[in-house]
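Residue numbers (the working numbering), protein chains in the order written: chain A, 1 to 507; chain B, 1 to 214.
Hints listed in this document are in silico derivations from the structure and should not be mistaken for laboratory results. If you're wondering where the values come from, they're calculated on a predicted model, not measured in any experiment. Even for Gly, the Cβ is constructed at its ideal location relative to N, Cα and C. Careful: at least some of the hints might be erroneous.
As the list claims (entries may be wrong) - Away from chain A, derived, C-beta distances all over 12 Å, residues of chain B: (1) T8; (2) E49; (3) P62; (4) R63; (5) A67; (6) R89; (7) V91; (8) A117; (9) S140; (10) G182; (11) A202.
To be verified - Residues from chain B that face chain A, not an exhaustive set, calculated with beta carbons under 7 Å: (12) L22; (13) G94; (14) L199; (15) I209; (16) L210.
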Amino acid sequence: MSGRTATRGARPARTHTLAASVKAPRLKRVPRAAWICALVAFLNAACWSLVTYAFQAPDEPSHFAYVKQLAETGSLPTVGLEGLSSEELLTLDGLRSEEVREEPQNRAIVTQAEQSQLRRDLAAAQASKGRGSPGAGVAASEPPLYYAVEAIPYILARHASVLARLQLMRLTSALMAGLTALFVFMFVREVLPAAPPWAWTVAGLAIALTPLLGFMSGAVNPDSLLFAVSAAIFYALARAFRRGLDTAGAVTIGALLAIGFLTKVNFLGLVPGILVGLAVLAARAARVAGRSAYRTLALALAIGFSPGVIYVSVNALSQRPLFGLVSAAIQTVHGSPFAELNYIWQFYLPRLPGTVDDFPGLFMAQQLWFRGYVGLYGWFDTTFPAWVYSVALIPTGAVALLCGHALFQRRGVLRARAVELAVYASICVGLMALIAADSYHEFPALDAAYAQVRYLLPLLPLLGAALALAALGAGRRWGPIAGTVIVIVFLAHDLFSQLLVAARYYG
Amino acid sequence: MIRGVTITLILGLALLAVAVGLTLARSPMTVARASGAFVDTQTPIAATESGADYCQARELLPRGTSAIRVSLFASIGPRVMVTVTSDRRTVASGEQASAWTGGVVTVPVRPLARPVAPVTVCASFRLRDGGVTVLGERTSAAIAARSAGGPLAGRMRIEYLRSGSRTWASLIGSIVRHMALGRATTGAWIVFVALALALAVAVLASSLILRDLP
């Protein structure tokens, strides 16, 4: 963040640019380093897709079932139905999925006899009658876009076994990891325009090597698309803050909003912050372009909310809850608003004096969030030895200190860009509040049902910016070396995470 | 003159290779003994929402046991203490901090030079929210694990872990064979594809560092 940026932010908005006419040049303007980061992220996620045992990523059987239903019948699965198709159940049986899941003492199939049994199960599965999978478990309530994308590899491999289809679908998810890294690079380039380009590379590479991104994008899970969409929105907002909100920018943000709505319910957590950002950008553009800036805002909102309007209309016509799953969540009364706020606070931060302790004996930030980031794979059953989590505090602390130093050095710029930073913070807070509020609905039967770090990965662009700042915080002379160390630490973390997962399933 | 970034990268990659080598030279934890017959799918034999002391008699603590794995299921597990007693004397104990997840909790203990039998193994924890389910196999009340409320529905699954005699390096062959199973097409080639991908990731990342970082 630099002073140069602050002056650039006042550039007048272009209000009549056609997105289509600038599409090709824009692609050419993407630096080669960004493409390489994208390739690294894709290859890494593809590697994870081979290392992770079939159906041993969170909710993967349910997400596979959703794609099967959509690809084979063209219709969505029914919410509330738990049963999977006989084809998938037979495959899960052959893989011993239930025995392996959440039971780290049980390995994947390890004998030729088990492999032969799996082959028989796969043959029986392919011969089993019945199309689709009306039940898709926890996935059934999710919007259909990711599953529609995954239906393409599914249909291409429809005559192959379930496992072949699953692998092809996992590779499609891996492509989304590439998009995530690409957009994180572009986001960091926009928010740190005065930084030397190597800092953008450090951010892009580190995010590409983030093990949890590889693990989740190496599996069939809509989170992979959500990470990419979220990174793209962060980039589009940062670009608009730097260059002004033009028509092309508004259309892009609107389209990304629509894609986000169609990707995963969790996206709702990002929406308030994005709307604040759009409002701020429109107000700034209005100083130069007058009322037309608000027409640009209206265009973005119209595009962004069109899927939501269609969804509500369909629900209204079919006499279902207007906002589907969200309606049920809103209507569920559970404790006082203060109790919920207290819970949301403690979901991430230490308890405030005089408040009820919702997580006695737990330091959420360290024991759940930090440990979850450092290493918790499979069905949350694969962990490093305890000492690894303690050692991991050292590089984390060093990055935090360097990042803090860089921010302190740039405090003048921070003040100048306070509104932009507040927008990113509001996106962050919105997502975190949504996850905690969802968990509160399960409380106290379950302490922290959704305290899973993967739900925070839509905020990867902010991590990328923090890492770039950490490298810059080491100073002009040591910055590139600090950046190299950061990338190597991420590479090591990624490699050992994959070895851990391989040892757990195949050791 | 070699740039600082190049030296850092070479040193970093060398350290990474050494760390992988050291890891491969170590032995994985293996199950020295497990209570009861091995069953993949375990049955819930008790559940609590307030905490309990579950004790199981007629156990054998193998020589060199460095961790005891108890089959308890929790979404976010509480702090668990495990004590092993023989003739009312504690011969081993340890605790696992809260926030473990899944179907087992592994508690490190100090290894003993010789096996001890019979011993009673107790797993103790307290809860305020959430719940913990005890997994194991159903047995008669006479040999079942016990809590303050009396016998449970069976015996807890308890595994005694110690360092194995083989190193990770010597297990690579079997890992490669296992990794080739459970897939659309069998064959060790899948492992080499994964290795090639990992290598490509490292090479691409390194070359980008060398290209972009001054």
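Hints, verified against the model:
For B/T8, the non-interface assignment is contradicted: its Cβ lies about 4 Å from the closest Cβ of chain A, within the 12 Å cut-off. With 12 Å as the threshold on Cβ separation, the claim that B/E49 sits away from chain A is violated: the shortest Cβ distance comes to roughly 9 Å. With a closest Cβ-Cβ approach of about 16 Å to chain A, B/P62 is found to remain outside the 12 Å limit, as its non-interface label requires. With a least CB separation of 20 Å from chain A, B/R63 remains clear of the 12 Å interface cut-off, as annotated.
The Cβ of B/A67 sits about 10 Å from the closest Cβ of chain A, inside the 12 Å cut-off, so the non-interface label is violated. No Cβ of chain A approaches the Cβ of B/R89 within 12 Å, the least distance being about 27 Å, so the stated non-interface status holds. Interface exclusion of B/V91 from chain A stands, the closest Cβ pair being 23 Å apart, more than 12 Å. Distance to chain A confirms B/A117 as a non-interface residue, since its nearest Cβ pair spans about 22 Å, more than 12 Å.
Against the 12 Å criterion, B/S140 stays outside the reach of chain A, whose nearest CB is about 25 Å from its own CB. Against the 12 Å criterion, B/G182 falls within the reach of chain A, whose nearest CB is about 5 Å from its own CB. Chain A draws B/A202 into its interface by the beta-carbon criterion, the shortest separation being 6 Å against a cut-off of 12 Å. Proximity of B/L22 to chain A is violated relative to the hint, the smallest CB-CB distance being about 11 Å (cut-off 7 Å).
The restraint placing B/G94 at the interface with chain A is violated, with a minimum CB-CB distance near 11 Å, outside the 7 Å limit. For B/L199, the suggested interface contact is broken, since its CB lies about 10 Å from the closest CB of chain A, more than 7 Å. Of the supplied interface hints, the one on B/I209 holds, with its beta-carbon coming within about 6 Å of a beta-carbon of chain A, less than 7 Å. Hint on B/L210 is violated. Least Cβ distance to chain A is approximately 9 Å, over the 7 Å limit.
Checked against the numbered hints listed earlier, the structure breaks hints 1, 2, 5, 10, 11, 12, 13, 14 and 16; every other hint is satisfied.
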